[in-house]
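Participant: 21 is the number of the first residue of the sequence shown in this note's numbering; add one for each residue after it.
Hints may be right or wrong, so weigh each one.
What the hints assert, rightly or not - With beta-carbon atoms standing in for the labels, derived distance ranges:
hint: 1; residue 1: LEU523; residue 2: ASP461; range: 36 to 42 Å
hint: 2; residue 1: THR378; residue 2: HIS485; range: 39 to 45 Å
hint: 3; residue 1: GLN149; residue 2: ASP272; range: 29 to 35 Å
hint: 4; residue 1: PRO302; residue 2: ASP269; range: 32 to 38 Å
hint: 5; residue 1: LEU435; residue 2: SER599; range: 19 to 25 Å
hint: 6; residue 1: TYR421; residue 2: ASP272; range: 18 to 24 Å
hint: 7; residue 1: GLU481; residue 2: THR528; range: 37 to 43 Å
hint: 8; residue 1: GLY115; residue 2: ASP272; range: 38 to 44 Å
hint: 9; residue 1: THR259; residue 2: THR439; range: 26 to 32 Å
hint: 10; residue 1: LEU523; residue 2: GLU176; range: 29 to 35 Å
hint: 11; residue 1: GLN136; residue 2: THR259; range: 33 to 39 Å
hint: 12; residue 1: ASN275; residue 2: GLU550; range: 41 to 47 Å
hint: 13; residue 1: PRO420; residue 2: ASP461; range: 17 to 23 Å
hint: 14; residue 1: GLN136; residue 2: THR314; range: 40 to 46 Å
Hints were generated in silico from the structure; no laboratory data involved.
On a predicted model such as this, the values are computed, not experimentally measured, just so you know.
The beta carbon of each residue, even a glycine, is placed where N, CA and C say it ideally should be.
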Amino acid sequence: MSKVDDELTRRLRRAERPLEADGVFEGLARRRSHRGRVRRVQGGLLAFAVLTATAGGFVFLREAFDADQRSAGDEPTPSPVANGEIVFSRPLPDGSEHLFVTRGQGGERRITPVGQATYREPSISPDGQTILVSHSIPSFEGEQGYASVIATVPIEGGAPTWLTDPVGIVQDPEWSPDGTKIAFAGAVPGAGRPGIHVMNADGSDVRLLVGSDSFDVLSPDWSPDGSRIVFTGWNDGVTEPDLFSIALDGSDLTNLTDTPEVDEEAPAWSPDGSLIAFISRPVGSSEGTIDLITADGTPDGRVPEIGDAVVVYELDWSPDGRFIAFLSDLAVTDSDTDGDLDVWTVRPNGTELTNLTTEGASGISWQPLPADVVTLTPEPSPEPSTSPEDERVMVEIGLPYRLCDATRLDGIDWLGDGTHGTAWVGTRALPDGSCPDGSDDGYGVAADFQGDGVADSWSGETIEHCLGCEPFEAVDLNGDGRDELIVVLQYFSIMQYGVYTTLPVDGTTEVVAFRTGGPGHPQHALPEGEPFTFRVGGDAGSRDWLWCENLPELRLTGTFSQVDGAPDAETTIHETHVSLGRDGIAHILDAETFVVVGEVDLQYATSKPDCGLGVDVQR
Numbered sequence: 021m022s023k024v025d026d027e028l029t030r031r032l033r034r035a036e037r038p039l040e041a042d043g044v045f046e047g048l049a050r051r052r053s054h055r056g057r058v059r060r061v062q063g064g065l066l067a068f069a070v071l072t073a074t075a076g077g078f079v080f081l082r083e084a085f086d087a088d089q090r091s092a093g094d095e096p097t098p099s100p101v102a103n104g105e106i107v108f109s110r111p112l113p114d115g116s117e118h119l120f121v122t123r124g125q126g127g128e129r130r131i132t133p134v135g136q137a138t139y140r141e142p143s144i145s146p147d148g149q150t151i152l153v154s155h156s157i158p159s160f161e162g163e164q165g166y167a168s169v170i171a172t173v174p175i176e177g178g179a180p181t182w183l184t185d186p187v188g189i190v191q192d193p194e195w196s197p198d199g200t201k202i203a204f205a206g207a208v209p210g211a212g213r214p215g216i217h218v219m220n221a222d223g224s225d226v227r228l229l230v231g232s233d234s235f236d237v238l239s240p241d242w243s244p245d246g247s248r249i250v251f252t253g254w255n256d257g258v259t260e261p262d263l264f265s266i267a268l269d270g271s272d273l274t275n276l277t278d279t280p281e282v283d284e285e286a287p288a289w290s291p292d293g294s295l296i297a298f299i300s301r302p303v304g305s306s307e308g309t310i311d312l313i314t315a316d317g318t319p320d321g322r323v324p325e326i327g328d329a330v331v332v333y334e335l336d337w338s339p340d341g342r343f344i345a346f347l348s349d350l351a352v353t354d355s356d357t358d359g360d361l362d363v364w365t366v367r368p369n370g371t372e373l374t375n376l377t378t379e380g381a382s383g384i385s386w387q388p389l390p391a392d393v394v395t396l397t398p399e400p401s402p403e404p405s406t407s408p409e410d411e412r413v414m415v416e417i418g419l420p421y422r423l424c425d426a427t428r429l430d431g432i433d434w435l436g437d438g439t440h441g442t443a444w445v446g447t448r449a450l451p452d453g454s455c456p457d458g459s460d461d462g463y464g465v466a467a468d469f470q471g472d473g474v475a476d477s478w479s480g481e482t483i484e485h486c487l488g489c490e491p492f493e494a495v496d497l498n499g500d501g502r503d504e505l506i507v508v509l510q511y512f513s514i515m516q517y518g519v520y521t522t523l524p525v526d527g528t529t530e531v532v533a534f535r536t537g538g539p540g541h542p543q544h545a546l547p548e549g550e551p552f553t554f555r556v557g558g559d560a561g562s563r564d565w566l567w568c569e570n571l572p573e574l575r576l577t578g579t580f581s582q583v584d585g586a587p588d589a590e591t592t593i594h595e596t597h598v599s600l601g602r603d604g605i606a607h608i609l610d611a612e613t614f615v616v617v618g619e620v621d622l623q624y625a626t627s628k629p630d631c632g633l634g635v636d637v638q639r
């Protein structure tokens with residue numbers, strides 16, 4: 021049995037332990053760390069979100085992995101910058117290497133033009149619009165061997181613009197936080213010795229920051245305030261590199277790790293500046309872990325449970341600081357034996373390990389979407405305000421009240437007219453301007469139809485219970501040419517989702533939650549007239565599946581069985597067949613609840629990619 025199989029078996033057995041009656045599993049806390057309402061049971065269990073079946077071996081990849089040395093409260097402070105797309109490079113069979121983009125829930129888009137060129141080590145500008153790369157074409161290879169240039173490419177796609185000349189090797193370009201400068205490793209004409217260099221964003225004024233004939237350097241990354249650069253470096257005679265940081269004026273060179281027995285590389289500074297993530301490998305090993313230190317080099321834990329004995333390369337923090345993207349050969353299925361690296365994301369505490377690509381990847385960069393928080397005028401506000409009693413984020417988006425705990429998703433075609441609108445999920449602030457105290461109720465969806473950053477509609481308090489609720493994906497589910505919004509309602513071992521659309525109400529367009537049509541299916545938690553929700557996942561004898569084959573129809577299956585697995589155990593099965601109508605109703609086409617004695621094999625239960633939900637499973 022493979023190591024991946026061993027790991028999944030171990031997790032499944034742990035996941036099927038019964039729930040503690042008096043608490044919540046550690047690690048299944050609210051996804052939004054700024055809410056600060058983490059509920060723990062000391063020494064408790066962690067529920068593992070996994071969907072499995074006896075035939076087919078499919079695995080649900082929205083996982084909450086084991087609790088680690090770090091608690092959710094120790095994560096970096098969330099940034100007001102939203103998470104955009106992840107850009108990565110991919111080696112192709114013809115020897116070229118090109119840029120692609122993915123959000124992990126709707127396929128991939130190629131950015132760079134067809135050709136024999138290579139585009140490596142992407143870095144997205146602070147405004148989210150331009151990608152820096154190390155770029156090469158076949159004509160660069162001369163008597164001196166391989167050569168490359170620093171170039172820019174628009175994130176929407178297009179031809180590269182060179183910033184340096186093709187003499188020598190340049191790599192690992194990184195934008196400064198304000199977008200005015202670029203750091204990179206290597207050497208260019210006039211720059212002198214190889215090392216870490218800094219230049220203006222237009223390629224002018226190249227200067228050596230650090231490096232010498234006896235000191236090799238790679239992988240620069242800026243501190244969020246732009247005052248320091250962290251990098252990988254090692255002296256002659258030293259086989260394993262350490263992490264160093266240096267001030268932008270070349271002073272205060274500091275060895276942050278100083279561990280001759282460990283190879284440390286690919287440092288990535290967290291958006292709030294509190295942590296540096298990096299890859300740590302024992303001497304002579306290609307397998308590594310993601311470790312964390314503070315800005316002064318103090319060890320601060322390890323991202324746990326990303327897999328046993330896996331290869332890890334390249335790191336990048338999400339712009340909001342809540343996730344780390346990385347490359348790994350961690351397998352998705354038994355058949356995934358190619359050994360190629362793919363893009364994964366994980367929380368610093370080890371939860372929500374998610375695979376985003378399966379066809380190989382190289383360098384990665386996560387696009388920032390600068391906050392477009394606006395006031396009632398509406399004019400952009402530089403950053404959200406906070407509720408003074410608990411520092412919870414509030415935004416003003418044109419509603420008569422501020423929205424607390426707001427999460428957002430951009431690029432939604434609400435009206436089917438090509439306009440890129442926005443959705444926010446949050447709860448209304450109280451009349452005194454503060455956020456509700458410790459309540460998970462009262463959450464809903466605000467929608468901007470016009471793309472101007474101002475909310476045009478509020479759904480009302482349509483989320484009965486919020487456990488990390490946030491907008492998840494926008495896709496046309498009912499074939500009306502408009503995007504529907506899928507919202508995560510609860511992050512748990514069994515994920516719960518809701519669906520929102522736009523409808524005319526009293527002469528205006530409003531965002532509304534899909535409602536369950538008659539007669540409903542109360543036994544399947546689908547009462548008539550209530551907001552329509554569905555679940556995917558499993559824990560402690562319960563399993564839920566989504567079968568999406570012919571949209572707008574969905575087939576939902578839920579089972580509950582005794583955890584002990586006795587031969588005469590009963591399994592209750594709920595099956596509901598619905599159609600998402602253009603009237604905002606999830607029409608019940610068929611509904612059935614029945615009991616089966618003995619082992620149940622639901623071979624048909626799966627999730628199809630055309631759902632666009634990002635909850636697909638692998639056969």
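Participant: Hint by hint, say whether it matches the structure.
Facilitator: For each hint, the structure was consulted:
In this structure, LEU523 and ASP461 break the distance hint of 36 to 42 Å, their C-beta atoms being roughly 24 Å apart. About 34 Å separates the C-beta atoms of THR378 and HIS485, a value inconsistent with the hinted range of 39 to 45 Å. Distance hint for GLN149 and ASP272: a CB-CB separation of about 33 Å, consistent with the stated range 29 to 35 Å. Distance hint check for PRO302 and ASP269: the Cβ-Cβ separation is about 35 Å, which falls inside the suggested range of 32 to 38 Å.
For the pair LEU435 and SER599, the supplied restraint of 19 to 25 Å holds, since their beta-carbon distance comes to about 22 Å. Distance hint for TYR421 and ASP272: a CB-CB separation of about 47 Å, inconsistent with the stated range 18 to 24 Å. A beta carbon spacing of about 19 Å between GLU481 and THR528 contradicts the range 37 to 43 Å that was offered as a hint. For the hinted restraint 38 to 44 Å between GLY115 and ASP272, the CB-CB distance of approximately 42 Å keeps it satisfied.
Remark: the range hint 26 to 32 Å for THR259 to THR439 is contradicted by a beta-carbon distance near 56 Å. Distance hint check for LEU523 and GLU176: the Cβ-Cβ separation is about 32 Å, which falls inside the suggested range of 29 to 35 Å. Distance hint check: the CB atoms of GLN136 and THR259 are about 35 Å apart, consistent with the given range 33 to 39 Å. Separated by about 60 Å at the C-beta atoms, ASN275 and GLU550 break the suggested range of 41 to 47 Å.
For the pair PRO420 and ASP461, the beta carbons lie near 20 Å from each other, so the given range of 17 to 23 Å is met. Distance hint for GLN136 and THR314: a CB-CB separation of about 44 Å, consistent with the stated range 40 to 46 Å.
In terms of the numbered hints stated before, the structure departs from hints 1, 2, 6, 7, 9, 12, listed from lowest to highest.
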